[in-house]
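Protein chains in written order, with our numbering: chain R, 1 to 482; chain V, 1 to 482.
What the hints contain is simulated information worked out from the structure, not anything from laboratory work. Hints are supplied without guarantee of correctness; some may be wrong.
Which copy? The list can't say, so a pair holds if one copy fits it or any two copies do.
Claimed, not checked - Derived DMTMM-like pairs: lysine to aspartate or glutamate, alpha-carbon spacing no greater than 25 Å straight-line: (1) K404 to D255; (2) K450 to E187; (3) K386 to D451; (4) K386 to E47; (5) K404 to D424; (6) K37 to D427; (7) K103 to E212; (8) K404 to E438; (9) K103 to D255; (10) K103 to D317; (11) K103 to D318; (12) K450 to D243; (13) K103 to E280; (14) K450 to E47; (15) K37 to D84; (16) K37 to D451; (17) K404 to E50; (18) K404 to D102.
There are 2 protein chains.
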Amino acid sequence: MEHPFEFPLQLPDRGSRQRMAALHGQLRAAILDGRLKPGLRLPATRELAEALEVSRNTVVAAYDLLLGEGYIEARRGAGNFVADLAMRRSDRRARIDVSAADKRIASYWRSFTGLPRPMHVGTYAHDFRLGIPDSRSFPYDIWRRLSARALRNLSRSASLYDPASGRLPLRQAIAQHISFARAVSCEAEDVIVTSGAQQAFDLLARVLVTPERTVVAVEDPGYPPLREVFRAAGAQVIGVPVDNEGLVVEQLPRDANVIYVTPSHQFPLGVVMSPRRRVELLAFARTRGALVIEDDYDSEFRYGGRPLDALQTLDRDDTVCYVGTFSKCLFPTLRLGYAVAPPWLRTAFVNAKHLADWHGDVLTQDTLAAFIAEGHLVRHVRHMRKVYAERREVLLDALQRHGKGRLQVCPSDAGLHLAAMLDDAVDTPALVERAATEGINLESLNAYAKDGVAVNGVAFGLGMIDVARIDEGIAKLVRLVA
Amino acid sequence: MEHPFEFPLQLPDRGSRQRMAALHGQLRAAILDGRLKPGLRLPATRELAEALEVSRNTVVAAYDLLLGEGYIEARRGAGNFVADLAMRRSDRRARIDVSAADKRIASYWRSFTGLPRPMHVGTYAHDFRLGIPDSRSFPYDIWRRLSARALRNLSRSASLYDPASGRLPLRQAIAQHISFARAVSCEAEDVIVTSGAQQAFDLLARVLVTPERTVVAVEDPGYPPLREVFRAAGAQVIGVPVDNEGLVVEQLPRDANVIYVTPSHQFPLGVVMSPRRRVELLAFARTRGALVIEDDYDSEFRYGGRPLDALQTLDRDDTVCYVGTFSKCLFPTLRLGYAVAPPWLRTAFVNAKHLADWHGDVLTQDTLAAFIAEGHLVRHVRHMRKVYAERREVLLDALQRHGKGRLQVCPSDAGLHLAAMLDDAVDTPALVERAATEGINLESLNAYAKDGVAVNGVAFGLGMIDVARIDEGIAKLVRLVA
Numbered sequence: 001m002e003h004p005f006e007f008p009l010q011l012p013d014r015g016s017r018q019r020m021a022a023l024h025g026q027l028r029a030a031i032l033d034g035r036l037k038p039g040l041r042l043p044a045t046r047e048l049a050e051a052l053e054v055s056r057n058t059v060v061a062a063y064d065l066l067l068g069e070g071y072i073e074a075r076r077g078a079g080n081f082v083a084d085l086a087m088r089r090s091d092r093r094a095r096i097d098v099s100a101a102d103k104r105i106a107s108y109w110r111s112f113t114g115l116p117r118p119m120h121v122g123t124y125a126h127d128f129r130l131g132i133p134d135s136r137s138f139p140y141d142i143w144r145r146l147s148a149r150a151l152r153n154l155s156r157s158a159s160l161y162d163p164a165s166g167r168l169p170l171r172q173a174i175a176q177h178i179s180f181a182r183a184v185s186c187e188a189e190d191v192i193v194t195s196g197a198q199q200a201f202d203l204l205a206r207v208l209v210t211p212e213r214t215v216v217a218v219e220d221p222g223y224p225p226l227r228e229v230f231r232a233a234g235a236q237v238i239g240v241p242v243d244n245e246g247l248v249v250e251q252l253p254r255d256a257n258v259i260y261v262t263p264s265h266q267f268p269l270g271v272v273m274s275p276r277r278r279v280e281l282l283a284f285a286r287t288r289g290a291l292v293i294e295d296d297y298d299s300e301f302r303y304g305g306r307p308l309d310a311l312q313t314l315d316r317d318d319t320v321c322y323v324g325t326f327s328k329c330l331f332p333t334l335r336l337g338y339a340v341a342p343p344w345l346r347t348a349f350v351n352a353k354h355l356a357d358w359h360g361d362v363l364t365q366d367t368l369a370a371f372i373a374e375g376h377l378v379r380h381v382r383h384m385r386k387v388y389a390e391r392r393e394v395l396l397d398a399l400q401r402h403g404k405g406r407l408q409v410c411p412s413d414a415g416l417h418l419a420a421m422l423d424d425a426v427d428t429p430a431l432v433e434r435a436a437t438e439g440i441n442l443e444s445l446n447a448y449a450k451d452g453v454a455v456n457g458v459a460f461g462l463g464m465i466d467v468a469r470i471d472e473g474i475a476k477l478v479r480l481v482a
Numbered sequence: 001m002e003h004p005f006e007f008p009l010q011l012p013d014r015g016s017r018q019r020m021a022a023l024h025g026q027l028r029a030a031i032l033d034g035r036l037k038p039g040l041r042l043p044a045t046r047e048l049a050e051a052l053e054v055s056r057n058t059v060v061a062a063y064d065l066l067l068g069e070g071y072i073e074a075r076r077g078a079g080n081f082v083a084d085l086a087m088r089r090s091d092r093r094a095r096i097d098v099s100a101a102d103k104r105i106a107s108y109w110r111s112f113t114g115l116p117r118p119m120h121v122g123t124y125a126h127d128f129r130l131g132i133p134d135s136r137s138f139p140y141d142i143w144r145r146l147s148a149r150a151l152r153n154l155s156r157s158a159s160l161y162d163p164a165s166g167r168l169p170l171r172q173a174i175a176q177h178i179s180f181a182r183a184v185s186c187e188a189e190d191v192i193v194t195s196g197a198q199q200a201f202d203l204l205a206r207v208l209v210t211p212e213r214t215v216v217a218v219e220d221p222g223y224p225p226l227r228e229v230f231r232a233a234g235a236q237v238i239g240v241p242v243d244n245e246g247l248v249v250e251q252l253p254r255d256a257n258v259i260y261v262t263p264s265h266q267f268p269l270g271v272v273m274s275p276r277r278r279v280e281l282l283a284f285a286r287t288r289g290a291l292v293i294e295d296d297y298d299s300e301f302r303y304g305g306r307p308l309d310a311l312q313t314l315d316r317d318d319t320v321c322y323v324g325t326f327s328k329c330l331f332p333t334l335r336l337g338y339a340v341a342p343p344w345l346r347t348a349f350v351n352a353k354h355l356a357d358w359h360g361d362v363l364t365q366d367t368l369a370a371f372i373a374e375g376h377l378v379r380h381v382r383h384m385r386k387v388y389a390e391r392r393e394v395l396l397d398a399l400q401r402h403g404k405g406r407l408q409v410c411p412s413d414a415g416l417h418l419a420a421m422l423d424d425a426v427d428t429p430a431l432v433e434r435a436a437t438e439g440i441n442l443e444s445l446n447a448y449a450k451d452g453v454a455v456n457g458v459a460f461g462l463g464m465i466d467v468a469r470i471d472e473g474i475a476k477l478v479r480l481v482a
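Chain R extracted, bound-state conformation (with noise of 0.2 Å):
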């Protein structure tokens, strides 16, 4: 799962005084209109430049630009800071000036500016990433080797009709690996192979969605491109809160077509649903004719406790369809995800994907089928397992010595994430920007909640941190809270 963050830079235009103009611009309005907060350390020049790929020079050009017309300043050692505009904050005319404004664009996208980017690119003493699976230990040897004899068999006889639904060998493997591990009902011809759990959400979004009619109601707080999705098709998105049980299902809108839920993991609060909610959820949406999305999407990495099945296992009418993804224990830019849809529901699905890109690479879904196969995905989960445990156990110790009650973590047994809940009193993105200056990369939960459900939180990956980077992260943390 890709870990959105505050800020979206985009820069349109070609040649280096355009983009530079640009990337000036809009963090000149993000500026005047509070997105980018006084005290934020902006990155350095080289990192920016770097993760915008743009030459440096422009990105100096652009900081240059901004310090003398007085929304930055510099201090010396630290880096540049937004400046505090007490002064400013009369000067209303800036508004992004996206291209995307042009009539010929159907609504929606005029007035989307794109998912955010992260900001905080760099290094960190403490990177408590979310999103990002650790793909150091990943066995590329392994993976070539697979991949030149996919390769060298594919040479000897290309296959000339490739199903929308992906490779056979790979649709094979994938069942029975969740039948195994998730307790999942399906055979080979119900797994339907996707570019990441992203383009499942899509295809769904477009099969199921008329504008203006169909209701989607999402977890909130929850995880906003599946929101995207479903608004860009011309849905109608509702968030339904979440408590310690998950889902609160008697709160879900009586008109829902949609629902989408992260049972094993809730992103980003982390809690598993209860038993009773899900005999609850699926209640609902057999009497209401809706169709839930299951989105199982880190359920890899189990802690201790009890497994629960896949909500999919509950299910006896065909109302829920299974989502998930190797994004999490692969190499993060492999794009390889899956769906198991009901038998109604699936043809529809296979079409959408036919008509959006035909088919899947053919040659990584060949190369994972033989990873599976011959074993290799379960001997590294089961190494990263143990790696991402004792991360989670320091961290879990480390917020319990020196959290002196100010982090309320969520519990949870399951995934590449912890979430921990801070007192109203506190202010979470200021803290997290103060923490991004100590060399602490972390997110705020706030930024996740919508429809005016409060939160107020910070959660922890496991992904990129160093289990001996832990406890000094956590202490430095807690003491910028206090």
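Once you have looked at the hints, place chain V on chain R.
Just chain V now, kept in the frame of chain R:
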């Protein structure tokens, strides 16, 4: 470009019994309503089983049932053929029961039975199938080496943020390649990498179409998947005739918002859009604020003549979005295409790509970037151009010598296929079916004409046919015409 055929087969249900029933039912329905005509030879059971990925028993059982019911008949040594149903034509109760009729599915997808899947699986003595390049001499070893190198680089410095528009080295390589080869005006930041040209069309449909409002003009005869993509998005799609200068611009609907053209090599007729029509089309787009989508699908292969630059080169008003693909010059299962969008469209396009599937496969992109940068693409294309040019020459010669004026070749000087017109009296679909029984695989053009435009002819692909088999194939074909 995929090559659609006349008959879709979808087996949505799990379980061998349900699959057999679905296969039987769909074949029976198609025989009853005439889509499968009397005398058509059905695929051998083994071939169909492989193509549909079901057990051979399933196909045998379906065929046995059809045999018993009198829908097909067996001719010893020749296979199974659709029976003459003169006596059974009153039985019209059969309707295809697709599970996509569920009302939870948006209406387009409920009625969409899928793009047709080629019926003519198997091997032919004279295989003129469309849409497949000859990848037998593709330098797979070089690709494997570059792929291994890309993986090594990735394992050392896993990139954390991949732009939705594609990896920079690939965008640079594409920009250089098409600036030189097609005179397309662009730099790396103008290029957007997509999962094949099909995804570029799909993303364009999303960002350009307001359901029930947007009007899309397409060439007729034309390319069916493009039509379906825009219909799926809710656009009104209108076919505009093509003559020997290409799209008849003066017959464009005045309110067209989007115009799709294949100016280098019209699909499927093969004509080149004349300079006069190009100027007219761009003037139309400029004055009416329309966007032109230029699909340059197999322009790598030009034969003699002076190659015309891309239409996009003439565009001074940002009205053209240029779409290209690598699927005709690499191996067919790679999904790599690209778009060069005008600045006002680019941001929305990239945002739509981001929401659709984040970004394309990184390893494949890096491998292709190196493949292009090291000159392998140019070398391979140069080699294949000679191969296809020879086949084209032999084909033109055979058509000239055997044709007896019965086949009028449509002039074209590029691409992977040729079209030839037949006299109106010839029943081309029947001819194509009879040709299949004689080991000749080719497509009729008739299926590509949608809005009442009459076209009667056949298309010959250059991708699969061995040069030694051309002459005999054409001779046999012409005998069948007579």
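Hints and how they fare:
When the C-alpha separation of K404 and D255 is checked against a cutoff of 25 Å, the pair qualifies neither within a copy, at 44 Å, nor between copies, at 67 Å. Proximity of K450 and E187 under a CA criterion of 25 Å is satisfied in neither setting, with 37 Å inside one chain copy and 39 Å between copies. Taking the closest pair of Cα atoms, K386 and D451 never come within 25 Å of each other, the shortest separation being 37 Å inside a single copy and 62 Å across copies. Taking the closest pair of Cα atoms, K386 and E47 never come within 25 Å of each other, the shortest separation being 32 Å inside a single copy and 47 Å across copies.
When the C-alpha separation of K404 and D424 is checked against a cutoff of 25 Å, the pair qualifies only within one copy, where the shortest distance is 16 Å, while the shortest distance between copies is 88 Å. For a Cα distance limit of 25 Å, the shortest separation of K37 from D427 inside one copy, 12 Å, qualifies, whereas the shortest one across copies, 73 Å, does not. For the homomeric pair K103 and E212, the shortest alpha-carbon distances inside one copy (20 Å) and between copies (16 Å) are both at most 25 Å. Taking identical chains as interchangeable, the C-alpha atoms of K404 and E438 lie at most 25 Å apart only when both belong to the same chain, with a minimum of 20 Å there against 84 Å between chains.
Taking identical chains as interchangeable, the C-alpha atoms of K103 and D255 lie at most 25 Å apart only when they sit on different chains, with a minimum of 15 Å there against 33 Å within one chain. For the homomeric pair K103 and D317, the shortest alpha-carbon distance between copies (15 Å) is at most 25 Å, but the shortest distance inside one copy (44 Å) is not. In this homomeric assembly, K103 and D318 come within 25 Å of each other (Cα to Cα) only across copies, at 14 Å, whereas the closest approach inside a single copy is 41 Å. Taking the closest pair of Cα atoms, K450 and D243 come within 25 Å of each other only inside a single copy of the chain (15 Å); across copies the shortest separation is 55 Å, beyond that limit.
In the homo-oligomer, the alpha carbons of K103 and E280 lie at most 25 Å apart only across protomers (23 Å), although the nearest pairing inside one protomer, at 45 Å, exceeds that limit. In the homo-oligomer, the alpha carbons of K450 and E47 never lie at most 25 Å apart, since the shortest distance is 30 Å inside one protomer and 53 Å across protomers. For a Cα distance limit of 25 Å, the shortest separation of K37 from D84 inside one copy, 8 Å, qualifies, whereas the shortest one across copies, 78 Å, does not. Proximity of K37 to D451 under the C-alpha cut-off of 25 Å is restricted to the intra-copy arrangement: shortest distance 22 Å within a copy versus 58 Å between copies.
Taking CA atoms no more than 25 Å apart as the test, K404 paired with E50 passes in neither setting, with 39 Å inside one copy and 65 Å between copies. Neither within a single protomer nor between protomers do K404 and D102 lie at most 25 Å apart by alpha-carbon distance, with minima of 53 Å and 55 Å respectively.
Comparing the model with each earlier hint shows violations of hints 1, 2, 3, 4, 14, 17, 18; every other hint is respected.
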